[in-house]
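Chains as they are written, first to last, in our numbering: chain A, 818 to 1139; chain B, 818 to 1139.
If you're looking for bench data, these hints aren't it; they were derived computationally from the structure. Every value quoted in this text rests on a predicted model; they were computed, and no experiment measured them. Please note: incorrect hints may appear among the correct ones.
Unchecked claim - Mimicking DSBU-like on lysine-lysine, the simulated pairs with C-alpha atoms at most 35 Å apart in a straight line are:
| # | chain 1 | residue 1 | chain 2 | residue 2 |
| --- | --- | --- | --- | --- |
| 1 | A | 1124 | A | 1047 |
| 2 | A | 843 | B | 830 |
| 3 | A | 843 | B | 1071 |
| 4 | A | 830 | B | 952 |
| 5 | A | 906 | B | 830 |
| 6 | B | 1071 | A | 952 |
Protein chains: 2
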Amino acid sequence: MESISKLIEEDLKHLEMSIQKLITTKVSFIKEIVNYIIKSGGKRARPILVILSARLSGYQGDLHIPYAAIIEFIHTATLLHDDVVDNAKTRRGNSTVNTVWGNEPSVLVGDFLYSKSFELIAENGNHEIMKTISKATTALSEGEILELLKTSDIETSEEEYFEVIGNKTAVLFSAACEIGALLGNSDNEKRSALKAFGYDLGIAFQLKDDVLDYVSYDAILGKHVGTDLKEGKVTLPLIHALQSAKENEIAFAKKVLDKPNMTAKDFERVRTIIGKYRGMEYTSDMTARYINEAIQYLNVFEASPYKDALITLANHMLKREM
Amino acid sequence: MESISKLIEEDLKHLEMSIQKLITTKVSFIKEIVNYIIKSGGKRARPILVILSARLSGYQGDLHIPYAAIIEFIHTATLLHDDVVDNAKTRRGNSTVNTVWGNEPSVLVGDFLYSKSFELIAENGNHEIMKTISKATTALSEGEILELLKTSDIETSEEEYFEVIGNKTAVLFSAACEIGALLGNSDNEKRSALKAFGYDLGIAFQLKDDVLDYVSYDAILGKHVGTDLKEGKVTLPLIHALQSAKENEIAFAKKVLDKPNMTAKDFERVRTIIGKYRGMEYTSDMTARYINEAIQYLNVFEASPYKDALITLANHMLKREM
């Protein structure tokens, strides 16, 4: 990952400046909230994808920086709204905006970021990019709603799970890569390839996230392990385990999902059930498959440092511990 | 108002069809929520402005209909989020979406409507309209946040109040009229005129709303009288009265604003204070001034049934009881 930071060192510097500069508002409180959440150390995965995809597509201008920032703003808006919907207390190791300032600013500053993003896109005036991003945000909200409808639903199928994560996560990764292709005026083949690469990478990212929620430690991930289960989110490790689990195990998982307060013991027992039916291994295998598939899509591009960087980024998905 | 309905009868029919048709989603729950709130009898003030302004500007096509629908979607999204922010229980005489389904779908379906709106605008591809609407929604969220920051602030000045309502209400009215001008390829003079007309009309609309919140009856307005005061919203009737009120009266108003539960007696006493210092009359005079100013802007247009309709609509603002 260090090699990537090195390769696009200048772009990353401009990205951070751009993130600061583009949030213009007469309301200083908005700045305060946005800075609080944006500076709290996100991985900038999505903007990095915009930058690398644009460079891979031969783009020589500098519009990839504001678009990368915009993609981060949109992502940040979804985080602000997610935390309200999930009633989340911490994110990236810090208290959430809704915990510190309440739900109201979380909702409204999220709206501000969405609107500001579209305003900035409209100013730049690339029609295809506008279409790509607005389609992605629509899918995103649909994914969030689908997830909400599936809350605590023990019968959630693998197919339904993939529909949720495809919409709520993969579509924005895919849009990030597609923007790069559009900036570089790529032909349809390359545009489709980057779009598909981003989508599969996004799926892999979410699969990894869902695995980490069962195994990683608070100090590393900056969030409490078991958050998904506590919030009633039925993710692939559990879905897979439940396909082979015994009736009493399924009943227990259902009880935990329906409970308002999951105990550490509850969580351990669900984790044991998942372990018994190899839910983690299944999910990790699936992650590897998506990553490999993603990398295959890049075959249409000639060798380049940017192509290598995207491959490194994809492979890192599997290894990451946060 | 009947004359307006008659004048644009066909357009209004198409508007309702368009509102139904444009909300395409694979998630039927979204449709359910959107129908619940959109069919609950809004006045369609903003889409009517799009239609009349487009017609006044000589527009002969049919894109004014989807844009009118989009403006209603954006308005609806703000209602969904407002009701979460204000913890509102009823709207237009019906239970709010957050009361029936909870805050989560209110936030997420609002996001869906915002995104879908931008997706639809991007599809139609009028760059200036995109800029106009995205600027308006940014201002809108800023207005909502400013209002939130001023909650229960007894020292809210008239100037601050006008900044809030300008952003949260007038800007979208203004955008609605400007879209009409843009569709009709108006010259700058006429575009500015319609934009200014919409802005002043929006201010007048909000002033009237804020007066009605102190005087109208539940059955008519479909909401409880005194809602603003209960929610800590310091509006012009009160602001004006407090400028001349005695210390003990100001102290009482402050106590009521800070209270989590306002009683009917509290409300009556605040209303008495407002009455004593003619806060309602002042606000109504101001409303009339804005309406007259709005109508003056239309002088650049030649006589036409659409011009008459806009004047009728503006004058109706003053008389409306809901």
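| message | So, against the hints stated earlier in the document, which numbers end up violated here? | response | 1, 2, 5, 6
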